[in-house]
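Colleague: Heads up, the sequence shown is in the working numbering, so the first residue is 1 and it goes up one at a time.
Please keep in mind that the hints were generated in silico from the structure rather than gathered at the bench. Hints should not be assumed to be uniformly reliable.
Okay, derived cross-link-like pairs now, DSSO-like style, lysine-lysine, Cα gap no bigger than 27 Å in a straight line [what the hints assert, rightly or not]:
hint, residue 1, residue 2
1, Lys27, Lys60
2, Lys51, Lys38
3, Lys51, Lys27
4, Lys55, Lys27
5, Lys38, Lys55
6, Lys62, Lys38
7, Lys38, Lys27
8, Lys60, Lys38
9, Lys27, Lys62
10, Lys62, Lys51
Derived Cβ-Cβ restraints for the label pairs, each shown as a range [stated by the list, open to error]:
hint, residue 1, residue 2, range
11, Cys9, Lys62, 25 to 31 Å
12, Asp7, Met45, 15 to 21 Å
13, Ala66, Gln19, 16 to 22 Å
14, Met45, Val10, 16 to 22 Å
15, Tyr49, Val28, 15 to 21 Å
16, Val28, Arg52, 25 to 31 Å
17, Glu26, Arg52, 17 to 23 Å
18, Asp2, Tyr49, 26 to 32 Å
19, Arg3, Asn31, 16 to 22 Å
Just so you know, even glycine gets a beta-carbon here, dropped at the ideal spot from N, CA and C.
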Amino acid sequence: MDRLLYDLCVDWGFCLPPQAQEAIVEKVDWNADEFACKVLEAEGMNPEYEKRWRKLIGQKFKERFA
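Generate coordinates for the entire structure from the input sequences, incorporating the hints supplied.
Modeller: Here it is as structure tokens:
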């Protein structure tokens, strides 16, 4: 999970604060959409309005963990 968060930061600028990173890493049973929503929320974005990013982040999650 740390590597995925690193990639999101380097590739797309989603560099989450340490507290948000810890919360994401500690949770074990993510699905792609939940993960994408959490990342967007941690960035102060509304996942309901960020459908493109939600899809792209979800795809990156699936590539890493599917």
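Colleague: Run every hint past the structure and note whether it holds.
Modeller: Outcome of the hint check:
{"no.": "1", "hint": "Lys27 / Lys60", "verdict": "holds, 18 Å"}
{"no.": "2", "hint": "Lys51 / Lys38", "verdict": "holds, 13 Å"}
{"no.": "3", "hint": "Lys51 / Lys27", "verdict": "holds, 23 Å"}
{"no.": "4", "hint": "Lys55 / Lys27", "verdict": "holds, 21 Å"}
{"no.": "5", "hint": "Lys38 / Lys55", "verdict": "holds, 13 Å"}
{"no.": "6", "hint": "Lys62 / Lys38", "verdict": "holds, 15 Å"}
{"no.": "7", "hint": "Lys38 / Lys27", "verdict": "holds, 11 Å"}
{"no.": "8", "hint": "Lys60 / Lys38", "verdict": "holds, 14 Å"}
{"no.": "9", "hint": "Lys27 / Lys62", "verdict": "holds, 16 Å"}
{"no.": "10", "hint": "Lys62 / Lys51", "verdict": "holds, 16 Å"}
{"no.": "11", "hint": "Cys9 / Lys62: 25 to 31 Å", "verdict": "violated, 19 Å"}
{"no.": "12", "hint": "Asp7 / Met45: 15 to 21 Å", "verdict": "holds, 18 Å"}
{"no.": "13", "hint": "Ala66 / Gln19: 16 to 22 Å", "verdict": "violated, 27 Å"}
{"no.": "14", "hint": "Met45 / Val10: 16 to 22 Å", "verdict": "holds, 18 Å"}
{"no.": "15", "hint": "Tyr49 / Val28: 15 to 21 Å", "verdict": "violated, 28 Å"}
{"no.": "16", "hint": "Val28 / Arg52: 25 to 31 Å", "verdict": "holds, 28 Å"}
{"no.": "17", "hint": "Glu26 / Arg52: 17 to 23 Å", "verdict": "violated, 28 Å"}
{"no.": "18", "hint": "Asp2 / Tyr49: 26 to 32 Å", "verdict": "holds, 28 Å"}
{"no.": "19", "hint": "Arg3 / Asn31: 16 to 22 Å", "verdict": "holds, 18 Å"}
The earlier numbered hints that this structure contradicts are 11, 13, 15, 17.
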